[in-house]
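Novice: One-letter residues, chain by chain:
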Amino acid sequence: AQSVTQPDIHITVSEGASLELRCNYSYGATPYLFWYVQSPGQGLQLLLKYFSGDTLVQGIKGFEAEFKRSQSSFNLRKPSVHWSDAAEYFCAVGDHSGYSTLTFGKGTMLLVSP
Amino acid sequence: DTEVTQTPKHLVMGMTNKKSLKCEQHMGHRAMYWYKQKAKKPPELMFVYSYEKLSINESVPSRFSPECPNSSLLNLHLHALQPEDSALYLCASSQHQQGDNNEQFFGPGTRLTVL
Chain A
1 AQSVTQPDIH ITVSEGASLE LRCNYSYGAT PYLFWYVQSP GQGLQLLLKY FSGDTLVQGI
61 KGFEAEFKRS QSSFNLRKPS VHWSDAAEYF CAVGDHSGYS TLTFGKGTML LVSP
Chain B
1 DTEVTQTPKH LVMGMTNKKS LKCEQHMGHR AMYWYKQKAK KPPELMFVYS YEKLSINESV
61 PSRFSPECPN SSLLNLHLHA LQPEDSALYL CASSQHQQGD NNEQFFGPGT RLTVL
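These protein sequence lines map, in sequence, to chains A and B.
By the working numbering, the letter at position 64 of the first sequence is numbered 64, and the numbering carries on one by one without gaps.
By the working numbering, the letter at position 113 of the second sequence is numbered 113, and the numbering carries on one by one without gaps.
There's no promise every hint is true.
Below, computed lysine-lysine pairings styled on DSBU-like, alpha-carbon distance capped at 30 Å [claimed, not checked]:
| no. | chain 1 | residue 1 | chain 2 | residue 2 |
| --- | --- | --- | --- | --- |
| 1 | B | Lys38 | A | Lys61 |
| 2 | B | Lys36 | A | Lys49 |
| 3 | B | Lys9 | B | Lys41 |
| 4 | B | Lys41 | A | Lys106 |
| 5 | B | Lys40 | A | Lys61 |
| 6 | A | Lys49 | B | Lys41 |
| 7 | B | Lys38 | A | Lys49 |
| 8 | B | Lys9 | A | Lys49 |
| 9 | B | Lys9 | A | Lys61 |
| 10 | A | Lys106 | B | Lys22 |
| 11 | B | Lys40 | B | Lys9 |
| 12 | A | Lys106 | B | Lys36 |
In case anyone wonders, no lab produced these hints; they're calculated from the structure.
Bound-form chain B, shown alone (with noise of 0.2 Å):
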């Protein structure tokens, strides 16, 4: 299995609202990672779990809250959004977090509106 999985694929949600995507991954990569993606941007790095360990956090607001709870999975927790949070919310894996052949693989992405 060579896919990183993510949920849902749409999300339409309101400033106070709470939800969750998620992303799962069975290749037995041991460093996962979230990216949003405004339209006609390149993927801009949010966290990185290294391990199930947070890594990296590019100074993301705390209104984004990321969580590992294994290995192969990966949540990115969502409250009080604002309308500029809207973009592709994209995740992926890679076999370790540094060294060689080590390619990121991505999911489809989690395309999320917020009102």
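Only chain A is shown next, with the shape it has when bound in the complex (with noise of 0.2 Å):
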């Protein structure tokens, strides 16, 4: 069965500080990837997404991952963190042999400093 592990349940950065969140999957196959931020009280949005090709995947608001197969890993980054990026976090697995459904890890939660 698949699984997400985020290693992080909470990090602090300061205001235009670099941003790394963690994410490690395991899955048999190649697997379609997915990161989300959900703020407060709201509904998940997503940031990105791997499904194959490039390694290297951007996304919206300055976000970008990269899926390293040999580490199992599918790291979320940023270069300069603003306030509103404070929010909840979550890395996804998607199953593509059947049914596509998603197992999340269990978020970590983005906590920005002036």
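Combine the two chains into a complex, taking the hints into account.
Specialist: In structure tokens, the structure reads:
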């Protein structure tokens, strides 16, 4: 069965500093990978996705992620964090061998300090 | 229109009430999903509809009853809920249920409180 691990429950970053959120997955084949962001009390917004091809994926709001098969990782990065980036971030893996359901990690809460 | 809408935004109900949550999308997506999300937890899949047919029921109690009247609408009927059912209920849709380029688009959710 597929699984996703986000090792950091909380991360605090100063505004303007760079950000990296970690995500490790377990899946038997090439996975579909996603990063979603959720502001308090809101739905999930897709930041970026990886299906195949170029392993460096660009997303919205200046985010990017790199798929590393050898490390089973899909870490999310941003060069300069803004206060509005404070939110919960979920990494998810999609199962494309059968029905396409998502397995989410537990999430990482990003706090941005002035 | 790249939006999934959900109504109501907030719902408070007693344990003997019957209520419904509504979800709508006009992106031509043929797969629709209900998730339950407790505070500080990831979403948990409840139901999946594919081409208006229920394809996945993740062992959800019968007090939750989904309905897909057409390809744009998804309802979740609630009856005799328990306080532990209080959560954010999220609806999502995707182009299909299988295949490439199949990301899910989420609605803003309905915040449900059961008294």
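Novice: Each hint: holds or not?
Specialist: Each hint, compared with the structure:
{"no.": "1", "hint": "Lys38/B - Lys61/A", "in the structure": "27 Å, holds"}
{"no.": "2", "hint": "Lys36/B - Lys49/A", "in the structure": "22 Å, holds"}
{"no.": "3", "hint": "Lys9/B - Lys41/B", "in the structure": "19 Å, holds"}
{"no.": "4", "hint": "Lys41/B - Lys106/A", "in the structure": "6 Å, holds"}
{"no.": "5", "hint": "Lys40/B - Lys61/A", "in the structure": "23 Å, holds"}
{"no.": "6", "hint": "Lys49/A - Lys41/B", "in the structure": "21 Å, holds"}
{"no.": "7", "hint": "Lys38/B - Lys49/A", "in the structure": "24 Å, holds"}
{"no.": "8", "hint": "Lys9/B - Lys49/A", "in the structure": "28 Å, holds"}
{"no.": "9", "hint": "Lys9/B - Lys61/A", "in the structure": "26 Å, holds"}
{"no.": "10", "hint": "Lys106/A - Lys22/B", "in the structure": "27 Å, holds"}
{"no.": "11", "hint": "Lys40/B - Lys9/B", "in the structure": "19 Å, holds"}
{"no.": "12", "hint": "Lys106/A - Lys36/B", "in the structure": "14 Å, holds"}
Violation of the numbered hints given earlier is absent; every hint is satisfied by the structure.
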